[in-house]
Amino acid sequence: MTRLFIVWVVLVGLTILSMISGQAGSDVPHLSVLALALLFGFSVLKAEGILRHFLDLRSSSPGWRGGFTAFLIGLAVVLFAMTAFKI
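Take the sequence shown: its letters are residues 5 to 91, numbered as in this note's numbering.
Keep in mind that the hints were calculated from the coordinates and are not lab data.
Virtual Cβ for every residue (Gly too), placed ideally from N, Cα, C.
Wrong hints could be hidden among the right ones.
So the derived label-pair ranges between C-beta atoms look like this [unchecked claim]:
| no. | residue 1 | residue 2 | range |
| --- | --- | --- | --- |
| 1 | Met86 | Arg7 | 32 to 40 Å |
| 2 | Val81 | Leu21 | 38 to 46 Å |
| 3 | Ala85 | Arg7 | 29 to 37 Å |
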């Protein structure tokens, strides 16, 4: 199996985990803080996988990789805070 296929399978698995933790299809109006943290964590992992393997960020300099990772984590933290604390 190729590297891209394995990454794709992992991304599909993370999507399924996101749907489960986000209670997709249920009538729950609000998610718990833990569910929100899981959703944003899975989103960061998925974005990192896409950037590194499909957009070939893994062959770029450590500065670019670190910058994108820091940006993704920062974005997820800000969005998590805004969602969890209704900002």
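Satisfaction of the hinted span 38 to 46 Å by the C-beta atoms belonging to Val81 and Leu21: violated (20 Å)
Using the beta carbons of Met86 and Arg7, state whether their distance is inside 32 to 40 Å or not. At roughly 35 Å between Cβ atoms, Arg7 and Met86 fall inside 32 to 40 Å, so the hint holds.
Mind checking the hinted window 29 to 37 Å against the Cβ distance between Ala85 and Arg7? The hinted range 29 to 37 Å holds for Ala85 and Arg7, with Cβ atoms some 34 Å apart.
Hint violations for this structure: number 2 only, all remaining hints satisfied.
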